[in-house]
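2 protein chains.
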Amino acid sequence: MSLLVQKFGGTSVGSAERIQHVAKRIKQELQRGNQLVVVVSAMGKSTDQLIGLAKELNAAPEPREMDMLLATGEQVTISLLSMALHALGIKATSMTGWQAGIQTEAVHAKARIKAIDTKAMLEKLEDGQVVIVAGFQGASEDGQITTLGRGGSDTTAVALAAALKAERCDIFTDVTGVYTADPRVVPLARQLTQISYDEMLELAHLGAGVLHPRAVECAKNNNVCLSVRSSFEDVEGTIVKEEPAMEDGLVVHGVAHDKQVTKVTVRGMKKRIGALSGLFSLLAKAHINVDIIINQSMYDLDYTNISFSIHQDELRNTLTVLENNKENLVYKDIIYEEDLCKVSIVGAGMISNPGVAAEMFDCLSTENIEIKMVSTSEIKVSCVIPQVDMLRAVQALHTTFGLDKAKAKAYQE
Amino acid sequence: MSLLVQKFGGTSVGSAERIQHVAKRIKQELQRGNQLVVVVSAMGKSTDQLIGLAKELNAAPEPREMDMLLATGEQVTISLLSMALHALGIKATSMTGWQAGIQTEAVHAKARIKAIDTKAMLEKLEDGQVVIVAGFQGASEDGQITTLGRGGSDTTAVALAAALKAERCDIFTDVTGVYTADPRVVPLARQLTQISYDEMLELAHLGAGVLHPRAVECAKNNNVCLSVRSSFEDVEGTIVKEEPAMEDGLVVHGVAHDKQVTKVTVRGMKKRIGALSGLFSLLAKAHINVDIIINQSMYDLDYTNISFSIHQDELRNTLTVLENNKENLVYKDIIYEEDLCKVSIVGAGMISNPGVAAEMFDCLSTENIEIKMVSTSEIKVSCVIPQVDMLRAVQALHTTFGLDKAKAKAYQE
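Each protein sequence line maps, in turn, to chains A and B. Oh and the first sequence: position 124 is 124 in UniProt numbering, straight run, nothing missing. Oh and the second sequence: position 210 is 210 in UniProt numbering, straight run, nothing missing.
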């Protein structure tokens with residue numbers, strides 16, 4: 001008997017009918033003799049509807065109240081899924097985040113999970129019940145309802161799998177697995193059978209929407225075996241675990257894109273020890289995720305320009321933080337560039353192939369695309385480019401690095 | 001500075017626009033220098049929508065899961081109302097039932113409030129905040145989400161007013177106050193300016209939907225001054241408190257009706273000590289509210305027939321309980337009569353006017369209406385009659401006891 005954690009996203013539980021379908025899949029899994037903890041998201045577009053209602057009443061609602069509001073979405077799903085299971089004669093108990101013992105930081109809208117008290121869940125599992133947990137939410141130590149931010153249900157599932165030492169964590173979603181690129185953008189994209197945590201982490205961070213990056217991080221840190229698969233089609237998904245089989249010998253495994261990027265430059269910042277840490281500590285305290293950072297010293301010995309990229313939604317908040325701290329930070333002015341995007345190539349094979357970055361720049365320059373920022377890691381290269389060029393860039397890179405499905409077919413013919 | 005508790009029902013918070021309207025009323029109240037705790041229901045028909053979803057998945061959902069589901073309705077409203085207040089520059093904090101310290105019995109769907117820990121609310125009030133509490137819900141000692149049953153938001157408001165020693169509890173609703181009869185049934189019904197707890201209690205128990213009977217009971221027990229008023233029109237409502245001004249000298253103050261009544265008769269029950277208490281303890285344990293009880297011994301010395309009335313929704317449950325305990329209870333069979341209703345007259349003046357019941361029976365017999373059961377208290381007389389005769393009965397009684405508005409007008413002419 002294995003304990004599995006299975007997570008069903010918003011589309012998978014988008015209607016009464018789909019919830020019934022999920023209940024049937026759970027029943028099948030139980031018949032295989034497994035114990036189950038199921039994590040669910042809010043139904044379909046219900047979160048967006050709640051956000052719409054909130055915006056009618058307040059253009060900038062307080063995060064605490066947004067969490068109070070949005071946490072109801074998953075609470076609806078857990079109770080409905082329990083009822084659907086009961087109708088099939090299956091014992092099940094729903095639990096909100098706080099009831100399942102998910103304790104988070106005292107931060108709203110994007111809290112991180114601090115600890116999970118598995119006592120209540122284990123009691124129900126021992127009683128032969130399916131435990132249905134509301135994803136995306138928890139409670140701070142002082143009893144405030146918190147949420148983990150969009151996509152946080154993945155993180156809930158992986159964190160529960162880690163805390164419960166589950167055999168595997170299945171992420172059921174509306175795609176069949178992880179692809180070499182977004183199939184909506186690159187029709188020739190192929191599905192991967194297996195991928196490493198680091199590659200998945202880079203892909204997730206780079207905007208491949210299949211898995212929340214924190215979920216992958218959490219899976220890597222706790223060595224949780226992840227399986228990404230479709231809740232609609234009964235086909236094999238993509239397994240995410242350490243040391244995947246090198247199926248293809250390809251240097252690059254995937255091309256990712258993230259279309260909502262803004263570049264911010266703090267100009268004329270006085271050079272001094274602690275200047276950089278001061279700047280980025282302030283942004284971190286305001287919970288602004290900074291992605292690429294470039295420190296351009298230029299010719300001046302006393303002043304420096306610092307550029308960084310953020311999600312475009314964070315621009316207002318970022319500017320406020322910077323302006324409120326102008327005296328401490330000591331800089332001349334701030335400029336920013338909107339309507340940018342980021343394209344990235346990811347692959348564990350890069351470590352032993354130093355020419356990959358150059359090949360990427362070459363591909364983009366052949367397409368006459370301007371590169372605004374560059375960032376590299378051992379297994380990925382990212383370029384910030386204009387948003388209008390994104391589609392062309394992703395498709396050209398997918399072809400350049402030999403990922404197109406058509407080519408594979410061509411070989412077979 | 002007075003502390004008031006104000007409750008806004010589902011219709012009053014049925015849309016973003018109406019929530020804004022409620023926020024403005026709260027602002028006015030604050031400008032009068034009062035402290036406020038506001039209790040809200042779920043938005044408009046949202047509870048019914050949730051119930052509809054549940055029924056799609058399970059014909060008889062477990063009460064625990066229904067509570068989990070329905071409690072989201074009020075949680076949505078508290079967060080939205082807080083956001084609307086923030087938009088007006090008013091400090092406010094939303095609290096779910098459990099966050100507000102409302103502890104209930106460990107019973108689902110119709111839990112009673114056991115205790116209220118006011119600490120969290122008082123902290124926010126001292127900080128100059130409006131506290132917005134989710135009505136209708138609480139939590140049991142072991143952290144299960146419970147609900148108080150339909151109309152329970154009134155009870156929440158009164159219980160909070162009692163626990164916080166509030167000056168007054170305002171119940172804002174979609175009617176302007178308490179009437180001598182349901183104005184939709186009796187067009188000539190008049191609004192009362194004041195009424196006693198006992199009269200209100202009888203009216204509430206008898207199905208006059210303005211206030212939940214438990215709310216009135218709780219107000220009476222704790223001597224909470226209630227005010228029932230419209231959230232749409234800015235007019236005086238009806239005050240409910242002890243010893244109302246005898247404005248009219250009328251014997252009867254109101255005619256109430258309750259249209260969903262079923263009469264159940266347990267026939268051939270063996271006479272023995274404890275037989276009756278055994279029967280009704282079983283029903284009470286199953287949380288079935290029994291209204292009128294009639295013990296008809298007839299001619300037989302050894303066996304008795306016991307009739308009682310229940311809400312028609314309880315019939316299935318009642319029959320199950322009786323059948324499962326046939327051996328212990330020792331009876332011949334059960335018969336029941338559906339499609340009945342109850343009409344009642346209520347008035348403190350009855351105590352000194354013993355002929356009132358006779359006058360009621362006379363009125364109904366003149367209308368050729370069959371009386372199936374009778375129940376009397378010091379300040380009310382109720383008759384169970386066929387549902388088809390309800391409208392005629394209520395109107396005839398309203399006229400007979402001099403409550404018609406037209407008459408009052410006629411005197412003025």
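In case anyone wonders, no lab produced these hints; they're calculated from the structure. A hint or two may mislead.
Identical copies carry no separate label here, and so any pair may be met within one copy or between two of them.
Below 30 Å or equal to it, Euclidean Cα-Cα: the simulated DSS-like pairs (lysine-lysine) are [what the hints assert, rightly or not]: (1) Lys24 x Lys55; (2) Lys124 x Lys110; (3) Lys270 x Lys165; (4) Lys55 x Lys45; (5) Lys114 x Lys124; (6) Lys27 x Lys271; (7) Lys55 x Lys91; (8) Lys332 x Lys270; (9) Lys124 x Lys24; (10) Lys263 x Lys124; (11) Lys326 x Lys45; (12) Lys263 x Lys119; (13) Lys55 x Lys27; (14) Lys110 x Lys91; (15) Lys124 x Lys285; (16) Lys124 x Lys55; (17) Lys372 x Lys24; (18) Lys91 x Lys285; (19) Lys91 x Lys326; (20) Lys263 x Lys27.
Results of checking the hints against the structure:
Within a single copy, Lys24 and Lys55 get their C-alpha atoms only as close as 37 Å, which misses the 30 Å cut-off; across copies the closest is 17 Å, which meets it. Within a single copy, Lys124 and Lys110 get their C-alpha atoms as close as 29 Å, and across copies as close as 24 Å, so both meet the 30 Å cut-off. For a Cα distance limit of 30 Å, the shortest separation of Lys270 from Lys165 qualifies neither inside one copy, at 50 Å, nor across copies, at 59 Å. Proximity of Lys55 to Lys45 under the C-alpha cut-off of 30 Å is found in both arrangements, the shortest distances being 15 Å within a copy and 21 Å between copies.
For the homomeric pair Lys114 and Lys124, the shortest alpha-carbon distances inside one copy (22 Å) and between copies (26 Å) are both at most 30 Å. Taking CA atoms no more than 30 Å apart as the test, Lys27 paired with Lys271 passes in neither setting, with 63 Å inside one copy and 50 Å between copies. Taking CA atoms no more than 30 Å apart as the test, Lys55 paired with Lys91 passes between copies only; the shortest distance there is 18 Å, against 39 Å inside one copy. In the homo-oligomer, the alpha carbons of Lys332 and Lys270 lie at most 30 Å apart inside one protomer (9 Å), although the nearest pairing across protomers, at 96 Å, exceeds that limit.
Within a single copy, Lys124 and Lys24 get their C-alpha atoms as close as 20 Å, which meets the 30 Å cut-off; across copies the closest is 46 Å, which misses it. For a Cα distance limit of 30 Å, the shortest separation of Lys263 from Lys124 qualifies neither inside one copy, at 49 Å, nor across copies, at 41 Å. Neither within a single protomer nor between protomers do Lys326 and Lys45 lie at most 30 Å apart by alpha-carbon distance, with minima of 40 Å and 50 Å respectively. Proximity of Lys263 and Lys119 under a CA criterion of 30 Å is satisfied in neither setting, with 46 Å inside one chain copy and 47 Å between copies.
Taking the closest pair of Cα atoms, Lys55 and Lys27 come within 30 Å of each other only across two copies (20 Å); inside a single copy the shortest separation is 40 Å, beyond that limit. Taking the shortest alpha-carbon separations for Lys110 and Lys91, only the inter-copy value of 23 Å comes in at or below 30 Å, while the best intra-copy value is 33 Å. Taking the closest pair of Cα atoms, Lys124 and Lys285 come within 30 Å of each other only across two copies (25 Å); inside a single copy the shortest separation is 39 Å, beyond that limit. For a Cα distance limit of 30 Å, the shortest separation of Lys124 from Lys55 across copies, 25 Å, qualifies, whereas the shortest one inside one copy, 39 Å, does not.
Taking identical chains as interchangeable, the C-alpha atoms of Lys372 and Lys24 are never at most 30 Å apart, the minima being 50 Å within one chain and 49 Å between chains. With identical chains, the CA atoms of Lys91 and Lys285 are at most 30 Å apart between copies only, with a shortest distance of 24 Å across copies and 44 Å within one. In this assembly of identical chains, the alpha carbons of Lys91 and Lys326 lie at most 30 Å apart only when taken from different copies (29 Å versus 59 Å within one copy). In this homomeric assembly, Lys263 and Lys27 never come within 30 Å of each other (Cα to Cα): the closest approach is 49 Å inside a single copy and 42 Å across copies.
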